[in-house]
Amino acid sequence: VTPSEGAAGCGRWSEMLESLLALGGLVLLRDSVEWEGRSFLKALIRKAALSGEQVRILGCEVSEEEFREGFDSDVNSRLVYHDLFRDPLNWSKTGEAPPGGPLGALRAMCKRTDPGPVTIAIDSLSWLLLRQPCTTVCQVLHALSHRTPCPGHSPAVEQVRVLGLLHEELHGPGPVGALSSLAQTKVTLGGTAGLDSAHIVFRRPRQRPIHQTQWFSVLPDFSLDLQEGPRLECQPHPDPYTSPVDPTTHLTFNLRLSKKEKEARDGLTLPFQFSSEKQQALLCPGQGQAASHIFYEPDAYDDLDQEDPDDDLDV
Amino acid sequence: MAAVATCGAGAGGTESMAAATSKSNVTSFQRRGPRARGTDSGGPRLVSIAGTRPSVRNGQLLVSTGLPALDQLLGGGLAVGTVLLVEEDKYSIYSPLLFKYFLAEGIINGHTLLVASAKEDPADILQELPAPLLDDSCKKEFDEDVCNKKPESDIKMKIAWRYQLSPKMEVGPVTSSRFGHYYDVSKRIPRELIETSKWHGFFLPEKMSSADKVECCSLTPGYMKLLHFIQNIIYEEGFDGSNPQKKQRNILRIGIQSLGLPLWGDDVCCSENCDSSHSLSKFLYILRGLLRTSLSACIITMPTHLIQNKAIIARVTNLSDTVVALESFVGSERETNPLYKDYHGLIHIRQIPRLNNLICDESDVKDLAFKLKRKLFTIEKISDALKWWSRRS
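Note that the protein sequences, when read in sequence, are chains A and B. Note that UniProt numbering has the first sequence beginning at 1, numbered continuously upward. Note that UniProt numbering has the second sequence beginning at 1, numbered continuously upward.
No lab work stands behind these hints, which were simulated from the structure alone. Hints are supplied without guarantee of correctness; some may be wrong.
[Said to hold, decoys possible] Mimicking SDA-like on lysine to any residue, the simulated pairs with C-alpha atoms at most 25 angstroms apart in a straight line are: (1) B:K341 - A:R208; (2) B:K341 - A:P247; (3) B:K207 - A:K262; (4) B:K207 - A:R208; (5) B:K282 - B:H305; (6) B:K225 - A:T136; (7) B:K119 - A:P205; (8) A:K260 - A:Q273; (9) B:K207 - B:I286; (10) B:K282 - A:G177; (11) B:K90 - A:L23; (12) B:K119 - A:L23; (13) A:K278 - A:Y296.
Build the full structure now, drawing on both the sequences and the hints.
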């Protein structure tokens, strides 16, 4: 990576992370077995920590040492880690764990008195969804990201960002759909050979969602390096509507009329349109009628009896 | 005159008697009692509630949904005592607009509002209602719209002349502005209108304390609380006729946003075989019972695209009276289809109720699309093939 590229890359990745973090609310990171998301999550945490925010982490899947590994000391000093990995059910009863289990820990993170934007990272939401009912998790996440500001603080100051890591393959479409509808930003990690991609959907309330795909790679110090897309662009789907078959070929009627033909056509009176000439022709049956006669040959079955048939009835 | 004389000999003359004898050119039969006021004369006084009108088909009392085009499709309006279910579009961009139109119409007509939501604070929802379009400014809007559309829609169809006679969708403002108003989506409703109106809000996170986890009769606690709230309001304010009010009777407009989301505590969106699979059906059944016995109309938006079990969607449709589904083109392959170039989505009228009737007022047109212009939300028929051809040739 040449210095200029690196500098440009730095600017762009910080811009991208800024946009991800700027919207607030819930940022859902969906990863899978092939494209793991923890490194992306750590990159986001690093960015948030470096910009001076408080970062609180609810760690459930990996140990604290493993999570803090790779971060610089100044980043590490800003992280407040709630460890649920070592003792999730609080059997050792040391009194460190907050009451109410993991959701209680999350709710406790809600209540804080010092101002300033805060980022809460949950590693991972799948762990919570497997142990708690989905509705409760959704309610707590909603309360986290939309909490009413404490009296005395202006609403602009209280900005809470929740970064949640979700392993898509562990859940059915229901919980994933429910969390996606709750999230303001949804990042789906994927990629092709060697390159990771993040497909980002920004959902501002009551506006059309913005889709963005970004290719990146995560460096060992958890900074992001934005890449160009893969060299071989996959063939774009042939647009089925750009070149339709022209239906005007092989027609049995004439679509293009000459001027004289158009005039002749406009001069015709249509059979179902009632114009004044027709009205006159119907009202005054004149000269034409004398020439028209009706000829009828009675056949064998016709009864030409002129008597009233009702006379036969004995009524 | 003999009749007049016998009456006079009886119980003493009334004022009408005196009037009859004094006027020689008027009929001797005059109405007893106080003079009729205005045009609402007659024995029983006709109470007409602001913002309602009787249906031309069966006399059912109707309220406007806030969108005159939708009113036309539903047969004049939404019947009082019924539920309008709006199936939300995928990213929930356009269904909040229908919700807000309904509430804004209530404020303009002076109806009482009840707004329930688990996602947003009702006060915030009310702040974002669209501003009503005054008559002269809205006439200007429509005139410029009509001018822009003039050259294309004026194709005189000579052979297919029957289509010219088909009724056009009502896009412009109706002359009588007492039923169905137009709103400007780009502006907010003036605060004075909200402050002078009467509204009740139900925001679920505030009403639910974590202490009560009582599950009773398989109805989710959130739904139970909402039903109690609605019942209290209906009873206390006399919408069901329980407190005979001296003042004018009014309509209660109930708006429930995004029912069925996991935020309500209902896991119908989370799994296919959910524990509370009957909770939503029971809620709708009880709600409809409450509505039928009171002067209220309700709009519910529901994210049916998230509901996993299709049988529940069918049940919910059967339990609601009027069902309208919005399908937006955002993110689907229809976005690039030139047929739908001018529109933002399709609107499907899935069900119209048969109230005191054997037939319902279903519209003939099934292919309807909506478009959100800068200021207006319009619903139009897709005049597909004809327009497409006229542009190509």
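Against the structure, the hints come out as follows:
no.	hint	verdict
1	B:K341 - A:R208	16 angstroms, holds
2	B:K341 - A:P247	21 angstroms, holds
3	B:K207 - A:K262	73 angstroms, violated
4	B:K207 - A:R208	31 angstroms, violated
5	B:K282 - B:H305	20 angstroms, holds
6	B:K225 - A:T136	17 angstroms, holds
7	B:K119 - A:P205	12 angstroms, holds
8	A:K260 - A:Q273	23 angstroms, holds
9	B:K207 - B:I286	20 angstroms, holds
10	B:K282 - A:G177	24 angstroms, holds
11	B:K90 - A:L23	20 angstroms, holds
12	B:K119 - A:L23	17 angstroms, holds
13	A:K278 - A:Y296	29 angstroms, violated
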